[in-house]
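Chains as they are written, first to last, in this note's numbering: chain R, 1 to 95; chain S, 1 to 492.
Just so you know, the hints here were simulated from the structure itself, not pulled from any lab data. A virtual CB, placed ideally from N, CA and C, is assigned to each residue, including glycine. Be aware that a few hints might be false.
Unchecked claim - Computed spacing ranges between beta-carbons, pair by pair:
id: 1; chain 1: S; residue 1: 102; chain 2: R; residue 2: 65; range: 42 to 52 angstroms
id: 2; chain 1: S; residue 1: 69; chain 2: R; residue 2: 75; range: 28 to 38 angstroms
id: 3; chain 1: S; residue 1: 56; chain 2: R; residue 2: 66; range: 31 to 41 angstroms
id: 4; chain 1: S; residue 1: 299; chain 2: R; residue 2: 43; range: 23 to 33 angstroms
id: 5; chain 1: S; residue 1: 69; chain 2: R; residue 2: 21; range: 33 to 43 angstroms
id: 6; chain 1: R; residue 1: 29; chain 2: S; residue 2: 147; range: 52 to 62 angstroms
id: 7; chain 1: S; residue 1: 69; chain 2: R; residue 2: 88; range: 57 to 67 angstroms
Each chain, written out:
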Amino acid sequence: MAVDHDTVRHIARLARIAVTDDEVERLRGELSAILDWVEQLDEVDTAGVEPMTSVVEQVIKMRDDKVNDGGYPDRILKNAPQREGDYFAVPKVVE
Amino acid sequence: MAELTDLTVAEARERLKRREFSAVEYVDAHLAALDAAGALNLVATAAHDRARAMAEASDRHLAAGEPRPLEGIPIGVKDLFCTEGVETTASSRILRGFVPPYESTVTRNLWEDGAVLLAKLACDEFAMGSSNETAATGPVVNPWKRRDDPRPLVPGGSSGGSAAAVAARIAPAAIGTDTGGSIRQPAALTGTVGLKPTYGRCSRWGIVAFASSLDQAGPITRSVRDAAILLSAMASVDPKDTTSVDRPVPDYAAALTGDIRGLRVGIPKEYAIDGLAGDIDGLWESGAGWLAAAGAELREVSLPLTRHALPAYYIIAPAEASSNLARYDGVRYGLRVAGDDVTAMYEATRAQGFGDEVKRRALIGTYVLSAGYYDAYYLKAQKVRTLIKRDFDCAFEEVDVLLTPATPRAAFAPDEITDPLTMYLNDVFTVTVNMAGLPAIAVPAGLSADGLPLGLQLIGRPFDEETMLRAAEVLEQAAGFTARPDPWWVQG
């Protein structure tokens, strides 16, 4: 599958990564080559095969639904690029 | 003092117990080796004060006659493990300055056993790479060079800093993570032992996630015995990781009996690929011969899906990575680049914070998970993965372990491989193991024609690291790999 410039821009938008025009051109070639290469999987007959969900057979572990950690906002916020009080701060989202 | 850095973990812990030298002396010898090795560029974050304080605590335990299993052993830690109070960046610009307020389970297990944090070591950015050229701190350099060729070589990746540190006698042992070969491939390229445990054996809690269904932590050491010792310390059942498996952790070193009589060793014929270096093919034959001479029974087996594992991996791993990387958005930690609105802030932060390979994988992952393509790519790959696992299940009905080359080639020069697809082929023999969740180990077994280390790989049944390690030690003894790199990097 060859991807075009608009597709690269669309994926980059979905992935929230800004791309320059030069990058779009380079990525178009690289992504097309990778997607072409992975398409050799079409040779494999997977009719009736279940997709893998876990490599190790295991019963999902349950735990009690109760709070067992927390109560230290300063530790949580210690690495925040910007904070206001006990909150992470971001650019204004709504007027 | 130089000889202290030559000791294996097994030797050092006995001599520390006998008080032949102190933990502070032992750790200082390694810190000095680290400081003299700037040319290898393998440090992500130094933590000398922390290392000395931990060594002093170890000396108190030793003085009291109460040594813990890894008392006073300095460990190099891949910068993917969160270490409380010590910067952790996954070798990415986007996490520069991030100081975790918590400790990963694997490193906590090591410290509780008396081990000492030597330093945080560089890796490929977010563990994505096979050459350790993509770290934000610049490329890591392999201690090994080709005979009569002064050009620097890559150490492999992504745990390249960890492997280089162990090969260069800077650390007696280091830990890494392996998503598609990131422990075993750099181990093979640096003449060290690299062990990837069964998926679920080591907790993933507190490890920067790359591809959650494939990631496993493991040791890099200079002997199979040391790898066994480290794994017993690293592994645990962890309520904080629901994929950590409820099985008691064995004393893996106790499994090293040297007796493999009657062991059935499978030789998968599909691993004889075009493009396999001739000296690796020859070494593979030698390895099979050594195991047979020790009483093992060789059997050819077939793993028909082998060549489809790599393309399936390059759908599944980027898909999981694109999800895991969503958290790096400039809000809670790491880099923030200003934008006009919140979306522009996300886009600018991620554009500046991620390197080229990380962006490439995030975009591939986003594409294969996007509406209209999910079934054709992601679901197809997960079905192929079921068949890959089935191949191994069938093989393990006939044999106890599998013997393969670890990599298709020896170490290469920086910029020698610039095409992403060619780079991905470095993991052709290791990635199958992650897809099936199996344990595997790379053991240094010989030198290439131009004097570089080459490794063989043993693959075991799920949670049967013991049989695999027993065979690996026999292989190690037979290979008698004693070569070491000339210490050209040592300064001052």
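Comparing the hints with the structure gives:
1. A hinted range of 42 to 52 angstroms for the beta carbons of residue 102 (chain S) and residue 65 (chain R) is inconsistent with their spacing of about 22 angstroms.
2. Between residue 69 (chain S) and residue 75 (chain R), the C-beta spacing of about 30 angstroms keeps the proposed range 28 to 38 angstroms intact.
3. Taking the beta carbon of each, residue 56 (chain S) and residue 66 (chain R) are about 40 angstroms apart, inside 31 to 41 angstroms as hinted.
4. Take residue 299 (chain S) and residue 43 (chain R): their Cβ atoms lie about 27 angstroms apart, and the range 23 to 33 angstroms holds.
5. Between residue 69 (chain S) and residue 21 (chain R) the beta carbon distance is about 57 angstroms. The supplied range of 33 to 43 angstroms is therefore violated.
6. Judged by the Cβ atoms, the range 52 to 62 angstroms given for residue 29 (chain R) and residue 147 (chain S) is violated: they are separated by roughly 37 angstroms.
7. As the Cβ distance of residue 69 (chain S) to residue 88 (chain R) is approximately 41 angstroms, the hint placing it in 57 to 67 angstroms is violated.
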